[in-house]
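There are 2 protein chains.
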Amino acid sequence: MDFQNFSKLAKVARGEIPAEMVFRGGKVVNVFTGEIIETSVAVTNGTIVGIGDQYVGETEIDLAGKYLCPGFIDGHIHLESTMVTPAELVEQAVKCGTTTYIVDPHEAANVSGADGIDYILHETENVPANVFVMMPSCVPSLPFEDNGCIFDAAEMKNYINNPRVLGLGEVMDYVGTVTAAPMMVEKLALFDGMPKDGHAPGLSGNELNAYVLAGITNDHECSNFDEVMEKRRLGMHIHIREGSAARNLEPIVRGILQTKQDISGFSFCTDDKHIEDIHTEGHIDHCIRKAIACGMQPVDAIRMATIHTAEHYHLHHRLGAIAPGLQADFVALDDLETVAVSRVFHKGVDVSSFHAQPKLPMDSPLRQTVHSLPVQPEQLNLSVGESCAVIRVIPNEIITGHKTAKLPQENGLFAADSTYSKIAVVERHHNTGKVGVGAVSGFNIRGGAIASTVAHDSHNLSVIGDNDADMLLAIEHLRDIGGGYTLVENGKILHTVPLPIMGLMSDAGFDTVQAELSAMIAKAHEMGVPEGVSPLTLLSFLALPVIPALRITPRGLFDVEQMKFIGE
Amino acid sequence: MDFQNFSKLAKVARGEIPAEMVFRGGKVVNVFTGEIIETSVAVTNGTIVGIGDQYVGETEIDLAGKYLCPGFIDGHIHLESTMVTPAELVEQAVKCGTTTYIVDPHEAANVSGADGIDYILHETENVPANVFVMMPSCVPSLPFEDNGCIFDAAEMKNYINNPRVLGLGEVMDYVGTVTAAPMMVEKLALFDGMPKDGHAPGLSGNELNAYVLAGITNDHECSNFDEVMEKRRLGMHIHIREGSAARNLEPIVRGILQTKQDISGFSFCTDDKHIEDIHTEGHIDHCIRKAIACGMQPVDAIRMATIHTAEHYHLHHRLGAIAPGLQADFVALDDLETVAVSRVFHKGVDVSSFHAQPKLPMDSPLRQTVHSLPVQPEQLNLSVGESCAVIRVIPNEIITGHKTAKLPQENGLFAADSTYSKIAVVERHHNTGKVGVGAVSGFNIRGGAIASTVAHDSHNLSVIGDNDADMLLAIEHLRDIGGGYTLVENGKILHTVPLPIMGLMSDAGFDTVQAELSAMIAKAHEMGVPEGVSPLTLLSFLALPVIPALRITPRGLFDVEQMKFIGE
Chain A
2 MDFQNFSKLA
12 KVARGEIPAE
22 MVFRGGKVVN
32 VFTGEIIETS
42 VAVTNGTIVG
52 IGDQYVGETE
62 IDLAGKYLCP
72 GFIDGHIHLE
82 STMVTPAELV
92 EQAVKCGTTT
102 YIVDPHEAAN
112 VSGADGIDYI
122 LHETENVPAN
132 VFVMMPSCVP
142 SLPFEDNGCI
152 FDAAEMKNYI
162 NNPRVLGLGE
172 VMDYVGTVTA
182 APMMVEKLAL
192 FDGMPKDGHA
202 PGLSGNELNA
212 YVLAGITNDH
222 ECSNFDEVME
232 KRRLGMHIHI
242 REGSAARNLE
252 PIVRGILQTK
262 QDISGFSFCT
272 DDKHIEDIHT
282 EGHIDHCIRK
292 AIACGMQPVD
302 AIRMATIHTA
312 EHYHLHHRLG
322 AIAPGLQADF
332 VALDDLETVA
342 VSRVFHKGVD
352 VSSFHAQPKL
362 PMDSPLRQTV
372 HSLPVQPEQL
382 NLSVGESCAV
392 IRVIPNEIIT
402 GHKTAKLPQE
412 NGLFAADSTY
422 SKIAVVERHH
432 NTGKVGVGAV
442 SGFNIRGGAI
452 ASTVAHDSHN
462 LSVIGDNDAD
472 MLLAIEHLRD
482 IGGGYTLVEN
492 GKILHTVPLP
502 IMGLMSDAGF
512 DTVQAELSAM
522 IAKAHEMGVP
532 EGVSPLTLLS
542 FLALPVIPAL
552 RITPRGLFDV
562 EQMKFIGE
Chain B
2 MDFQNFSKLA
12 KVARGEIPAE
22 MVFRGGKVVN
32 VFTGEIIETS
42 VAVTNGTIVG
52 IGDQYVGETE
62 IDLAGKYLCP
72 GFIDGHIHLE
82 STMVTPAELV
92 EQAVKCGTTT
102 YIVDPHEAAN
112 VSGADGIDYI
122 LHETENVPAN
132 VFVMMPSCVP
142 SLPFEDNGCI
152 FDAAEMKNYI
162 NNPRVLGLGE
172 VMDYVGTVTA
182 APMMVEKLAL
192 FDGMPKDGHA
202 PGLSGNELNA
212 YVLAGITNDH
222 ECSNFDEVME
232 KRRLGMHIHI
242 REGSAARNLE
252 PIVRGILQTK
262 QDISGFSFCT
272 DDKHIEDIHT
282 EGHIDHCIRK
292 AIACGMQPVD
302 AIRMATIHTA
312 EHYHLHHRLG
322 AIAPGLQADF
332 VALDDLETVA
342 VSRVFHKGVD
352 VSSFHAQPKL
362 PMDSPLRQTV
372 HSLPVQPEQL
382 NLSVGESCAV
392 IRVIPNEIIT
402 GHKTAKLPQE
412 NGLFAADSTY
422 SKIAVVERHH
432 NTGKVGVGAV
442 SGFNIRGGAI
452 ASTVAHDSHN
462 LSVIGDNDAD
472 MLLAIEHLRD
482 IGGGYTLVEN
492 GKILHTVPLP
502 IMGLMSDAGF
512 DTVQAELSAM
522 IAKAHEMGVP
532 EGVSPLTLLS
542 FLALPVIPAL
552 RITPRGLFDV
562 EQMKFIGE
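Each protein sequence line maps, in turn, to chains A and B.
Counting with our numbering, you get residues 2 to 569 for the letters of the first sequence.
Counting with our numbering, you get residues 2 to 569 for the letters of the second sequence.
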């Protein structure tokens, strides 16, 4: 509450002076009582001042026939994953009703450390949305990772009094956490009593108890309802994730409904969602729609998109509901069942048509982040025996399988084909020359390669293909342009999306990015990548050594369950 | 979380070393999922470390056949109202399963200011319970009140970093709040973003909007379900009050059940409850029992007594559930429906038989707080005309009616009888000699008088009777002994409960206090006070000028709804 202006606001609330604006005639969704009540909402100085038809406004906004909800909240998002600038994400997602983001800028931190975090904070300062930041807790994600920067507790201390910093970002290093590794404990203790995001796919039993003991307050990695219930029983808040690659909403919402679970411990997040998916199907509004399609009451789904998230992050005295003293962030819907977003208001102002202006200067060091030596052909060789570890792609999941198979070979070297693709990860931050090579099943690309400098969390240069020549060409092209995605077929570069900002984001504008991405994705499927496998997203996760079961890094194949490299 | 010892606790959680103790075989009430699951709870260093039968303890506590709940929380209590020392309240209430108190020490503050608050904090430092303090926001309750001390924002600043201070205590001065009186705004701003207790009986419409706008987060004054719903719609958390005088549980719980309200916005409190009522019927366990009797599921009632309160006061990372990382505060029940408390554990230790040691030194200035001039007989005279304002007592309520009546009279002076009692309030803090006199209907005492130095919130000396001689005797006796309750019949002092600590509390021990109180109350009813009217409690509230409708102060009768003295 802005107590400087409280005297004026209180006069408005008491009806002594008119409100700046009154939102009139809407069917207001009350996330406290679950009611939908046709009434008016008085707003002054961007703050909700009173609820009731008795209020009079200097400006009156007619919402007759519309439903009025609190602005939607994404409970956990890496906004770098949209591939556009933060402001452009806001431009797109505001059309979906999103007014608040709980952001973990750990992609930026992995590439550029505190400079990357400062970029995210700075770029989101003046957008028509509330962007809060969780301090990335695992940069690098594991001690041996080849990422760009280390972000430790000492650096976090510089941010702890920033009112936009809410707590500790997703704690992926569960081993360091449950074994009380001093560097991890230092970070946990720094945020004592504040929200601490979890990241614990499949963690169970004693280790889950130890993880919760450490004060981790939520998890967004549940992919089935049994896992949800084990975590809820220990008090964890569950972010139901529906992103580009990981789509966990349906089994969880169905579980909630079947067991009549109290929903107050649940909210929605996207985690990683590409801008074209947000453009096509929506953002948090899509989660609400999908939950309703599963049978959830619309108001309950809206609660999970608003007040529950606000409460979990201790923001409920500012956001998450339509009540006096809260910020006037509203979504007007034409229809409740289809969540058809009509208008969106941030601090009382209609921001539906906000237009982002990319503004990163051309000489920013964040534009110069691909630092890798040229890759020699023999660096892509992989010696194979009778039986080899293979990363098995699972459609619609970001977890992978770990299988062993006899790989196709020539002269004792892996010869990729349409069943077994070759993957390579090239260190790209410090010119170390490291290249890890492995085999992947289920990606099925034929006659070419796709490469990316987006490769969670270390964001090295990853490339997957069925022949070394195209893979080498793709690597070289991304080195030349300073990062992005590229697709090569039979010696030709067909599509490229430059991502000059840290090798993660484009400021060329959403339309450009979206057109080229769509063409690239369509082409990748044409080249054999199955439906159900998102070619770019999947590639971006194959180098992430904190998600089960088998991953590839510049140092080779990594068994996540055993926490060791294959062959160690 | 105690991160100093986290390494050891994490080893226990992971099963590498045994727990200090394991609570084995209980049916554990899970307030997150609503389940009741037979399992074991491992505890080390007073902290819950893990849940599951796999844990082994150096000590094992057999809970076979029992239900295990989190310790109960009283969401709002003036512990001075028990009339015993804080430690003795804990001694009694721990037998009822209460392990946490959210205390507003505004009685102590009204008499003795910061010294009174320090006494409460100090006395509750080493009891087997968690006692948190809200900063009394309205001391005095109204600017013109004749109380002992002023407690302002400047004094509150000394407490704001005390980890046991959670926010601002009940904001009774709703007029000052909604009109943005600078002294009130200063206090509100000081606790921005922290819980702020409300006190808004019957507040509605524009004024309620303005009150919520000020950041008031809860209310415990609702006496009917319509009032509850109006406040819930604006986001207020509702403490359902069941104390000695105000008993609001039944209509509210029935309303919740009838409308199938989401219960997460509700919890229990006692506000003011005498120790003998706690001894007789229980404390928060009584609220749970009564809610179950109304038809509420036991687990839902337990949620309202535990996790909901913890969440509202931002304590849920420490208290309110049985989950790793939380304090090991448990209640073992023999039976869930009857909430039969068997054993109570605080930080893992059985504290069911805790015995308080009164310890306020005899020379403490808190024992010398009755400073009033002798009252002359003519000071009790009340001139009356055809029609007079009368305080109408309403059984089982602390709100009063405001009626006008023709009073019995002799020589133009009010002559009390068994229908119309006389009440007088004598200023007792600063020897000002002020005495206010009025008439009361519905108290019906015959042949004597009752007097008290407990008289919310200013705690002046109040006396009610049907004849001046007995009233004067009662006043004199309380002046002599430094405060307490006394009952006089036909010129004889029959029963006295000395309350030497600030005129509010006794350290003579519960048994002594309880025996004398019971005798006094029984005698009062024998003398005509109707069943449904708690003679001492009711008398203690008749001087509180912030609760509707008509009250009496040392300056005369006060119309709460008009906020002015009668005759002004």
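Treat the hints with care, since some could be wrong.
Since copy identity is lost for identical chains, a pair holds within one copy or between any two.
As the list claims (entries may be wrong) - Derived DSSO-like pairs (lysine-lysine); straight-line CA-CA distance at most 30 Å:
{"#": "1", "residue 1": "K28", "residue 2": "K261"}
{"#": "2", "residue 1": "K348", "residue 2": "K360"}
{"#": "3", "residue 1": "K12", "residue 2": "K158"}
{"#": "4", "residue 1": "K9", "residue 2": "K158"}
{"#": "5", "residue 1": "K12", "residue 2": "K565"}
{"#": "6", "residue 1": "K96", "residue 2": "K407"}
{"#": "7", "residue 1": "K407", "residue 2": "K348"}
{"#": "8", "residue 1": "K360", "residue 2": "K493"}
{"#": "9", "residue 1": "K12", "residue 2": "K261"}
{"#": "10", "residue 1": "K565", "residue 2": "K9"}
{"#": "11", "residue 1": "K493", "residue 2": "K524"}
{"#": "12", "residue 1": "K404", "residue 2": "K12"}
{"#": "13", "residue 1": "K493", "residue 2": "K28"}
{"#": "14", "residue 1": "K261", "residue 2": "K565"}
{"#": "15", "residue 1": "K435", "residue 2": "K9"}
{"#": "16", "residue 1": "K348", "residue 2": "K524"}
{"#": "17", "residue 1": "K435", "residue 2": "K12"}
{"#": "18", "residue 1": "K261", "residue 2": "K158"}
{"#": "19", "residue 1": "K565", "residue 2": "K348"}
Everything labelled a hint here was simulated from the structure, so no lab data went into it.
No experiment lies behind these values; they were computed from the predicted model shown.
Going through the hints against the structure:
{"no.": "1", "hint": "K28 with K261", "result": "both (27 Å within a copy, 21 Å between copies)"}
{"no.": "2", "hint": "K348 with K360", "result": "within (24 Å within a copy, 55 Å between copies)"}
{"no.": "3", "hint": "K12 with K158", "result": "between (41 Å within a copy, 28 Å between copies)"}
{"no.": "4", "hint": "K9 with K158", "result": "between (37 Å within a copy, 26 Å between copies)"}
{"no.": "5", "hint": "K12 with K565", "result": "between (65 Å within a copy, 22 Å between copies)"}
{"no.": "6", "hint": "K96 with K407", "result": "neither (50 Å within a copy, 69 Å between copies)"}
{"no.": "7", "hint": "K407 with K348", "result": "neither (60 Å within a copy, 57 Å between copies)"}
{"no.": "8", "hint": "K360 with K493", "result": "neither (32 Å within a copy, 88 Å between copies)"}
{"no.": "9", "hint": "K12 with K261", "result": "neither (44 Å within a copy, 35 Å between copies)"}
{"no.": "10", "hint": "K565 with K9", "result": "between (62 Å within a copy, 25 Å between copies)"}
{"no.": "11", "hint": "K493 with K524", "result": "within (13 Å within a copy, 102 Å between copies)"}
{"no.": "12", "hint": "K404 with K12", "result": "neither (69 Å within a copy, 32 Å between copies)"}
{"no.": "13", "hint": "K493 with K28", "result": "neither (56 Å within a copy, 67 Å between copies)"}
{"no.": "14", "hint": "K261 with K565", "result": "neither (41 Å within a copy, 52 Å between copies)"}
{"no.": "15", "hint": "K435 with K9", "result": "neither (63 Å within a copy, 39 Å between copies)"}
{"no.": "16", "hint": "K348 with K524", "result": "neither (43 Å within a copy, 62 Å between copies)"}
{"no.": "17", "hint": "K435 with K12", "result": "neither (66 Å within a copy, 37 Å between copies)"}
{"no.": "18", "hint": "K261 with K158", "result": "neither (42 Å within a copy, 46 Å between copies)"}
{"no.": "19", "hint": "K565 with K348", "result": "neither (50 Å within a copy, 39 Å between copies)"}
The structure is inconsistent with the numbered hints 6, 7, 8, 9, 12, 13, 14, 15, 16, 17, 18 and 19, although it conforms to all the rest.
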